[in-house]
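Given chain A, put chain B in place with the hints provided.
Going line by line, the protein sequences match chains A and B.
Residue numbers for the first sequence follow our numbering, beginning at 1 and rising by one.
Residue numbers for the second sequence follow our numbering, beginning at 299 and rising by one.
Since the hints were made in silico from the structure, they are not lab data.
One or more of the hints may lead you astray.
[Said to hold, decoys possible] Sample of chain A residues with no beta-carbon within 10 Å of chain B, all distances over it, derived:
1) 45
2) 74
3) 76
4) 82
5) 94
6) 129
7) 133
8) 151
9) 272
[Claimed, not checked] Derived pair list, reagent style DSS-like, types lysine-lysine, alpha-carbon separation capped at 30 Å:
10) B/470 <-> A/254
11) B/409 <-> A/254
12) B/421 <-> A/254
Glycine included, each C-beta is placed from N, C-alpha and C at the ideal position.
Chain by chain, the residues:
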Amino acid sequence: MCGIVGLFLKDKSLEPQLGALLTDMLITMTDRGPDSAGIAIYGAEQDGLAKLTIQSDAPDDDFATLAADLSTALGVSVDLHRKDSHAVVILPAGQAAAARAVIAGRPGQIRVMSDGNAIEIYKEVGLPQDVAARFALSKMAGTHGIGHTRMATESAVTTQGAHPFSTGPDQCLVHNGSLSNHNNLRRKLRRDGVRIESENDTEVGAAYLTWKMQNGATLGEALEASLTDLDGFFTFVVGTKEGFGVVRDPIACKPAVLAETDQYVAFGSEYRAMVGLPGIEAARVWEPEPATVYFWSH
Amino acid sequence: MQQIDLATTPLREMNETLQAQTGADNQTAWEILNPRGSHAVACGLDAPIEVTVRGHTGYYCAGMNKQAAIHVTGSVGPGVAENMMSGTVVIDGDASQYAGATGRGGLLVIKGNASSRCGISMKGIDIVVHGNIGHMSAFMAQVGNLVVCGDAGEALGDSLYEARLFVRGSVKSLGSDCIEKEMRPEHLAILADLLERAGSDAKPEEFRRYGSARKLYTFDIDNAAAY
Numbered sequence: 001m002c003g004i005v006g007l008f009l010k011d012k013s014l015e016p017q018l019g020a021l022l023t024d025m026l027i028t029m030t031d032r033g034p035d036s037a038g039i040a041i042y043g044a045e046q047d048g049l050a051k052l053t054i055q056s057d058a059p060d061d062d063f064a065t066l067a068a069d070l071s072t073a074l075g076v077s078v079d080l081h082r083k084d085s086h087a088v089v090i091l092p093a094g095q096a097a098a099a100r101a102v103i104a105g106r107p108g109q110i111r112v113m114s115d116g117n118a119i120e121i122y123k124e125v126g127l128p129q130d131v132a133a134r135f136a137l138s139k140m141a142g143t144h145g146i147g148h149t150r151m152a153t154e155s156a157v158t159t160q161g162a163h164p165f166s167t168g169p170d171q172c173l174v175h176n177g178s179l180s181n182h183n184n185l186r187r188k189l190r191r192d193g194v195r196i197e198s199e200n201d202t203e204v205g206a207a208y209l210t211w212k213m214q215n216g217a218t219l220g221e222a223l224e225a226s227l228t229d230l231d232g233f234f235t236f237v238v239g240t241k242e243g244f245g246v247v248r249d250p251i252a253c254k255p256a257v258l259a260e261t262d263q264y265v266a267f268g269s270e271y272r273a274m275v276g277l278p279g280i281e282a283a284r285v286w287e288p289e290p291a292t293v294y295f296w297s298h
Numbered sequence: 299m300q301q302i303d304l305a306t307t308p309l310r311e312m313n314e315t316l317q318a319q320t321g322a323d324n325q326t327a328w329e330i331l332n333p334r335g336s337h338a339v340a341c342g343l344d345a346p347i348e349v350t351v352r353g354h355t356g357y358y359c360a361g362m363n364k365q366a367a368i369h370v371t372g373s374v375g376p377g378v379a380e381n382m383m384s385g386t387v388v389i390d391g392d393a394s395q396y397a398g399a400t401g402r403g404g405l406l407v408i409k410g411n412a413s414s415r416c417g418i419s420m421k422g423i424d425i426v427v428h429g430n431i432g433h434m435s436a437f438m439a440q441v442g443n444l445v446v447c448g449d450a451g452e453a454l455g456d457s458l459y460e461a462r463l464f465v466r467g468s469v470k471s472l473g474s475d476c477i478e479k480e481m482r483p484e485h486l487a488i489l490a491d492l493l494e495r496a497g498s499d500a501k502p503e504e505f506r507r508y509g510s511a512r513k514l515y516t517f518d519i520d521n522a523a524a525y
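Chain A extracted, bound-state conformation (with noise of 0.2 Å):
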């Protein structure tokens, strides 16, 4: 059991509550995976520039003279705004791969999270209102986001094997379920030299897809694709720069529940998860279909 929220707004007059909407939702959905929580969200895109999320266990050590070790070793101006465990490192576009070889290349244990143009991604072992707490979610403004709190069933409680994964750039994956053909598909992912960083099955749906996106496919096309190459059960919400999207496994035991109104379309693992939005008792909801892509975008 895990719960997944997600919130995409339509109404840009409450893009500054998302945060503060999405926290709701998350904290409501403790009670389906109280382990580890986390969180994708998407705004405050700057043109030119790239976001990446970092994470360190270390964070005083790690994050302390990294933004001038960046800034020298790739000869740009690097931004590093530190929230807890995480910080998001601003830096101009087309300097993420380079920075990521930097990061790798240094002593300590700096994860990166997320990299993209408007997400940032922060997740952590704990209660989801505690993890919510530490990085302030609910003050955060966006245009859309998705939330996920866990119950591990295939592999450990840690920071790594939380969601949100993101696996390309402004993309990520949260998951309810289980897969259970994760080992043999991240052998052949990998051997296509896509990476994927944790034992984790979810990592590797969300590897799957960025693959097929690499290779020429949509992202509904991907969806489509893994409703075949995917064996195991799972709901998944999936977030790009532009919107997010549901598909349910074909047996469809995993619970889904969506609403939409003209402000917002939101994803639940149970309906409880959205009773605090503006309008929910006029909202259109319904149980998303088995093996069927849904998909919202601005």
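Below, chain B without anything else, positioned relative to chain A:
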């Protein structure tokens, strides 16, 4: 009319209050406000009382119901009226997966759609769905009637025993050992009664009947020792 507001009353207290009713006094009509997707709303009731739940509920609403008439004005999550013994449960909206699972008696009416596994392992319950039902519905259904005014999803009635399935619309596919059967006058009478009690104006003649071919290994006496 007695009211319980779940915005101010704990869920357990609400269920304990309803479960303590005997139907012997004049408090026979109850209204539950602000369910806000809560799980296990109005579960384990055992008295001839009427309960109206105003809004959407989560998992296992009206589970194990006996005697009570429960009406939900919104949609319900997975496992509504699971293992119902008697009484009626009416859902104005949609129902999520395994609605009426293992039910032994009573009538479950879903005015919207029901998703996958509706009536799985039903053991005597009657279920009427005004809309459509999802895949694997009536899987291993043993006794009772499942009436679908709309369409049925894949693998309807897989490994069916003695339950009767009536579908007005299309059936995406039949499950293992489920076949279409002749509609006889006694079936039309059963259907007419259920449709009337469920508030549907569908005509019994518009339905097709499906049931077990009784060809699976479980029906072969030579396999009896295996179980």
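How the hints compare with the structure:
Against chain B, the non-interface label of residue 45 of chain A holds: every CB pair exceeds 10 Å, the least being about 34 Å. Listed as a non-interface residue, residue 74 of chain A keeps its Cβ farther than 10 Å from every Cβ of chain B; the least gap is roughly 49 Å. Here residue 76 of chain A stays apart from chain B, with its beta-carbon at least about 49 Å from theirs, past the 10 Å limit. Every beta carbon of chain B lies more than 10 Å from that of residue 82 of chain A, the smallest distance being close to 37 Å; the non-interface claim holds.
The non-interface label for residue 94 of chain A is consistent with chain B: the shortest C-beta to C-beta separation is roughly 45 Å, beyond 10 Å. A cut-off of 10 Å between C-beta atoms confirms that residue 129 of chain A is not in contact with chain B; the least separation is 19 Å. The Cβ of residue 133 of chain A lies farther than 10 Å from every Cβ of chain B, with a closest approach of about 24 Å, so its non-interface assignment holds. For residue 151 of chain A, the non-interface assignment is confirmed: its Cβ lies about 16 Å from the closest Cβ of chain B, beyond the 10 Å cut-off.
Its closest Cβ contact with chain B, about 3 Å, brings residue 272 of chain A to no more than 10 Å, contrary to its assignment away from the interface. Taken as a hint, the residue 470 of chain B and residue 254 of chain A pair is honoured in the structure, with Cα atoms around 22 Å apart against an allowance of 30 Å. Using a Cα cut-off of 30 Å, the hinted pair residue 409 of chain B and residue 254 of chain A holds, with the two alpha carbons roughly 23 Å apart. For the proposed pair residue 421 of chain B and residue 254 of chain A, the alpha carbon gap of about 25 Å is at most 30 Å, so the pair holds.
Violation of the numbered hints given earlier is confined to hint 9; every other hint is satisfied by the structure.
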